[in-house]
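So the sequence lines, in the order shown, correspond to chains A and B. Taking this note's numbering, the leading residue of the first sequence gets 5, the next gets one more, and so forth. Taking this note's numbering, the leading residue of the second sequence gets 5, the next gets one more, and so forth.
Treat the hints as calculated values from the structure; they're not laboratory data. Keep in mind that the hints are not guaranteed to be accurate.
Output of the computed footprint for chain A on chain B, the stretches with three or more beta carbons under 8 Å from beta carbons of chain A [stated by the list, open to error]: (1) 49–57; (2) 108–116.
The calculated EDC-like cross-link candidates involving lysine to aspartate or glutamate, where the alpha carbons are at most 20 Å apart (straight line), are [stated by the list, open to error]: (3) A:K13 <-> B:E46; (4) B:K56 <-> A:E103; (5) B:K53 <-> A:E103; (6) B:K112 <-> A:E63; (7) B:K112 <-> A:E103; (8) B:K64 <-> A:E103.
Derived CB-CB ranges, DEER-like [said to hold, decoys possible]: (9) B:E12 <-> A:E63: 16 to 26 Å; (10) A:Q21 <-> B:E67: 40 to 50 Å; (11) A:F14 <-> B:H115: 16 to 26 Å; (12) B:E67 <-> A:F14: 34 to 44 Å; (13) A:G44 <-> B:Y43: 16 to 26 Å; (14) A:T90 <-> B:K64: 32 to 42 Å; (15) A:E63 <-> B:S87: 24 to 34 Å; (16) A:I58 <-> B:Q119: 41 to 51 Å; (17) B:E19 <-> A:M23: 35 to 45 Å.
This structure is a prediction, so every number in the text was calculated from the model and none was measured. For glycine and all other residues, C-beta sits at the position ideal for the given N, C-alpha and C.
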Amino acid sequence: NAGVTQTPKFQVLKTGQSMTLQCAQDMNHEYMSWYRQDPGMGLRLIHYSVGAGITDQGEVPNGYNVSRSTTEDFPLRLLSAAPSQTSVYFCASWTGRAEAFFGQGTRLTVV
Amino acid sequence: GDSVTQMEGPVTLSEEAFLTINCTYTATGYPSLFWYVQYPGEGLQLLLKATKADDKGSNKGFEATYRKETTSFHLEKGSVQVSDSAVYFCALSSRRGGGGADGLTFGKGTHLIIQP
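Bound-form chain A, shown alone (with noise of 0.2 Å):
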C-alpha cells in the first residue's frame, strides 16, 4: 500500500508565487489534515477535512487554502506565498477513531 503520498518533497518559492502541495491516500479514510512543522512549534493545524466536500480551518489557516472534491485527494494551496509560510508540511489521513497516518513531509522555502 502506498499509505499517503505527499509531492513535492522540496520546493523554493519567491515571495508571492502561487504553488499547490498536493496529497493523496489510498486507505479510503474519512478524515484528512495538513500540518505545519517548525522548530520549537511542534504540528499546528491548518486545515482538515471530514470527508469530501467538506473542509473546516485549523488552528493556523491564514494564507492557506484547501478543497476536498474526492476522498483520496486533499491539496493544499498557497495563494501568495510568504517567507513565514518557510516550513515542512505534512499530510495525514485516519479513520477519525484511530491512529493518523502520514506523509514524508514537503519541505518549501520561501524567498
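Keeping the supplied structure of chain A fixed, place chain B upon it in accordance with the hints.
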C-alpha cells in the same frame, strides 16, 4: 481548548540508559492518546497508543500508560539504543461528534539523542 505539554529537549542519554519523556494533556471528554516518532528526514510514525484510562500502549520496548487522574501519558523505555534517536511527539485526539474531527493536537516534540 485541547493542549498537550511535553518536556522540552534535546534529551541526551547514553546507550542502555532508562528513558522517560513526560507528557500531560488538557482535553474535554475522553481523548485517545498517542506517541508518534519522527526519524530524521521522515514523516511521523505511530509508536504506540491508548484509547481509555489505565490502558498501556507498548511497542519496540517503549511503554506509556493512560493516567486519567493525573492527565498524563509518559513515555518510558528501559534501555535505549542509538537507533532510538529521533523526535518524539505526544498527541491526543478528542472525541467530539464524529470523533477526532478537529484533528490531532500535538505537543512540541522532544528531540532524543542517544550516544554510544
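Checked hints:
| no. | hint | result |
| --- | --- | --- |
| 1 | 49–57 | holds (count 3) |
| 2 | 108–116 | holds (count 6) |
| 3 | A:K13 <-> B:E46 | 11 Å, holds |
| 4 | B:K56 <-> A:E103 | 14 Å, holds |
| 5 | B:K53 <-> A:E103 | 8 Å, holds |
| 6 | B:K112 <-> A:E63 | 14 Å, holds |
| 7 | B:K112 <-> A:E103 | 18 Å, holds |
| 8 | B:K64 <-> A:E103 | 17 Å, holds |
| 9 | B:E12 <-> A:E63: 16 to 26 Å | 20 Å, holds |
| 10 | A:Q21 <-> B:E67: 40 to 50 Å | 47 Å, holds |
| 11 | A:F14 <-> B:H115: 16 to 26 Å | 22 Å, holds |
| 12 | B:E67 <-> A:F14: 34 to 44 Å | 36 Å, holds |
| 13 | A:G44 <-> B:Y43: 16 to 26 Å | 19 Å, holds |
| 14 | A:T90 <-> B:K64: 32 to 42 Å | 33 Å, holds |
| 15 | A:E63 <-> B:S87: 24 to 34 Å | 33 Å, holds |
| 16 | A:I58 <-> B:Q119: 41 to 51 Å | 48 Å, holds |
| 17 | B:E19 <-> A:M23: 35 to 45 Å | 43 Å, holds |
In terms of the numbered hints stated before, the structure departs from none.
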